[in-house]
Structures are given as C-alpha cells and as structure tokens.
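Number of protein chains: 2
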Amino acid sequence: MLQKTSQSKVKRSANRASYKKADLYPIIDDLKMAHICFSQDDSPMSIPMLCWRVDDAIYIHGSRGSRLVKQLTNGSKSCVSFAELNSWVMAKSAFHHSANYRSAVLFGAFETVDDDEAQVRVYRHFVEQLEPGRWDHIRPPNEKEIKATTLLKMVIDEGAVKVRRGGPIDDEDDFSMAVWVGELPWVKTQGEKIIHQPSSESR
Amino acid sequence: MLQKTSQSKVKRSANRASYKKADLYPIIDDLKMAHICFSQDDSPMSIPMLCWRVDDAIYIHGSRGSRLVKQLTNGSKSCVSFAELNSWVMAKSAFHHSANYRSAVLFGAFETVDDDEAQVRVYRHFVEQLEPGRWDHIRPPNEKEIKATTLLKMVIDEGAVKVRRGGPIDDEDDFSMAVWVGELPWVKTQGEKIIHQPSSESR
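Protein chains in written order, with our numbering: chain S, 745 to 947; chain B, 745 to 947.
In case anyone wonders, no lab produced these hints; they're calculated from the structure. Since the model is a prediction, treat every value here as computed from it, not as a measurement. Some hints could be false.
Any copy, or any two copies together, can satisfy a pair, since identical chains are not distinguished.
With a cut-off of at most 25 Å between alpha-carbon atoms, the simulated SDA-like pairs for lysine to any residue come out as follows [what the hints assert, rightly or not]:
| hint | residue 1 | residue 2 |
| --- | --- | --- |
| 1 | K937 | V857 |
| 2 | K897 | S783 |
| 3 | K748 | H840 |
| 4 | K753 | A862 |
| 5 | K776 | M793 |
| 6 | K776 | K814 |
| 7 | K937 | S783 |
Starting from the given sequences, assemble the full structure and let the hints guide the process.
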C-alpha cells in the first residue's frame, strides 16, 4: 500500500482514490511519462519526462551535471504526477460535465543510481518494456554513455491514485432535457511500427 | 510570443523548443489536461486537472474554499505543464532510444474570475470545444453552481513548447546492427460516443 499522509490523502471525491500499488503500477507502466515537480529558486517547476518502473521504484534519467539533475539530487523533495484522459463526460447541465481519467501522484526524493551494473539493468527493463526481446539485438550502453547520463530513482512509498469512470451524475430535475448524455471516449492504441533507415542526423 | 526567461528558456536540445503561441495553442486545445504545480507548506505539489484555453489565457476550476483553490489564489507562483507521448523512438543502441512527444510548460499566477457573466462565457467555451453547438441544448450553470465553484485564470505569458519528432539518431558505428529502427507510434483517436441513460448516482 502507498503511504496515505496529510499530503497524499485525496480529499475531494475520496471515493475515486486508491492507495493500492496494484492500481498504481498499470498507470505508470502504460503511461511511462510523468510530470516531475520540484522547487527551483523558490519557484515551482514542472518538467514532463520519461519515467518507468522497475519493481517498487520509478526511474528518470538526464544529462550528467545538468541543472535538472543537480536540483533533483540535492536531497529536496519532488512530486511526480501521471495522468491520462479517457473520455469526456457529457451531462444534461454545464456544471455536471466532467472527464474520466486515470491519475497518480507520488511524493519522495530522487537519489542517483551509481552502480554501473544496476544502471544497465534498469535501462534493460525500459527497452524490454517497449519491445520484449529487443535488448539482445541492440548495443548496450558503453562506459562513455553511462558516464554522460545520470539515472535517478525514487522509491514508491507515499502517494495516491485517483480514477474516474462511468457516465455523468445529473440532477433529476434535468433528466427531461433533450440532449444526449454519456461519454466521448479517447482511444489510445499502439500503431504499426514505422521502420526508418538508420541516420545520425540530429532532430 | 511567449516570454523566454531564465526560467522558461529550454537549455537541453534547444532546437526542439518554440516560444510561438501558434505552436502552444494546439497542444493545450488537444490535451485539455494539465499538471498544476505549486508549493504547499514548502513542498512541491503537482495535481493533474482539466485545463482549457480561451483566447490568451488558460482556465482551471475547483470547489470554492478548497485547499487547492486557496493555495493557487494566494498570489504565489504556479507552473503548468502539458505533455503527450506520440511514439517510442527505437534505435540501434540502448542509449539512443527516445520518445517523440509534444509538451509545454507555462509559468505565472492564477487569479479568480469573479464576474458571473465572464464565468459562464468561459464554461460555454469549454462545452463548445467538446461538442460544438451543445451549449444551446444543456442547462447553463445556476447561481448555486456558480457559487460552489471557483474559476481560475492564468494569462499565457511566460513559458516554452518542446516537441520531438522523427526517427532515432544513431551512431554510424552501430548502423550495421541487424535490428529495426524507427518509431512505435501511439495513436489517440476520438471514439464513438457512448450514450447513457441519465442517472444521479454518484461515481
């Protein structure tokens, strides 16, 4: 279970909250993109980044020595959020229009993964999650690449999941209005792979 | 143009950055979900929320008197980020695996929209963006609903857009490896509407 603290406890629509890791993990694994929020020069900063999970930790990576990496590894706290919009919820009244979504917020601090073998293991998991079996066919990271990149880890501990599903909640007085109600879904599917010729051109 | 400041200027892969409102607006309009980042009791907090644009401002809404609304309207700064993952970028080496995405980060402060007519106008835009023509068929917000909700506005001013497109950047030494390279796309489409019977049941 995730730690439910004064910070992580969901107060509004608490019936939509969960603190189960079993509810959290598919969200992280399906999205693999998080918003990393931290304080920089006393101002809030949020940066969208690739973020993946191995066991009970999430990982992000950045250029060694970058402002971001320095900021995230100085011991200060971070907040990491994930969200996916699943459908618009269409109601009889403007007020009851809403959205279905899956979301999660985690609190903690990032630490660097210094051990080279541990780093390679975590990158291997990332590539294997994108395409199972791929790792055996690509070139693994060399020493120079490992040195150029900092891998950051946050143990999954404190946080919450919030999910909304289903149709609108309407006022009974509005039921007779002649307008359709329900959901306008957003469907996310993995398309066919697009094969490129190898290129070293920057993009 | 967005204000390019020490805070908003993109330093890494600056060739992927843009400060044009014309590049920003489709991202906000297509996603309509943002991560609202602020400082709470000296800790960073990030909350995924519906967020939409009317002219040169973004809007979010929350329950009047909620902790979130109080926090965002006390004059302190917020950071608002948007991101969409478009494809995995598959390379010859682990290191060059990447992602294509559209993202944006905005900086500023939220203010409340107090005028009732202005509030209704902004909600109207939201509903009309979901389904053009719908506003004329639904019940507009009544006084009680307007009073229960706080509409917050941030003028679009300081920020940046960052977008990656295309295939991987590989090292020429790796070109001969026998593994496909290119993109694994994520395709987001609007599905058929799902019509429900009206219900007042909470979800």
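Quick rundown of the hints versus the structure:
no. : hint          : in the structure
1   : K937 <-> V857 : neither (32 Å within a copy, 46 Å between copies)
2   : K897 <-> S783 : both (18 Å within a copy, 22 Å between copies)
3   : K748 <-> H840 : neither (29 Å within a copy, 38 Å between copies)
4   : K753 <-> A862 : neither (33 Å within a copy, 33 Å between copies)
5   : K776 <-> M793 : both (8 Å within a copy, 19 Å between copies)
6   : K776 <-> K814 : within (22 Å within a copy, 31 Å between copies)
7   : K937 <-> S783 : neither (38 Å within a copy, 41 Å between copies)
In terms of the numbered hints stated before, the structure departs from hints 1, 3, 4, 7, listed from lowest to highest.
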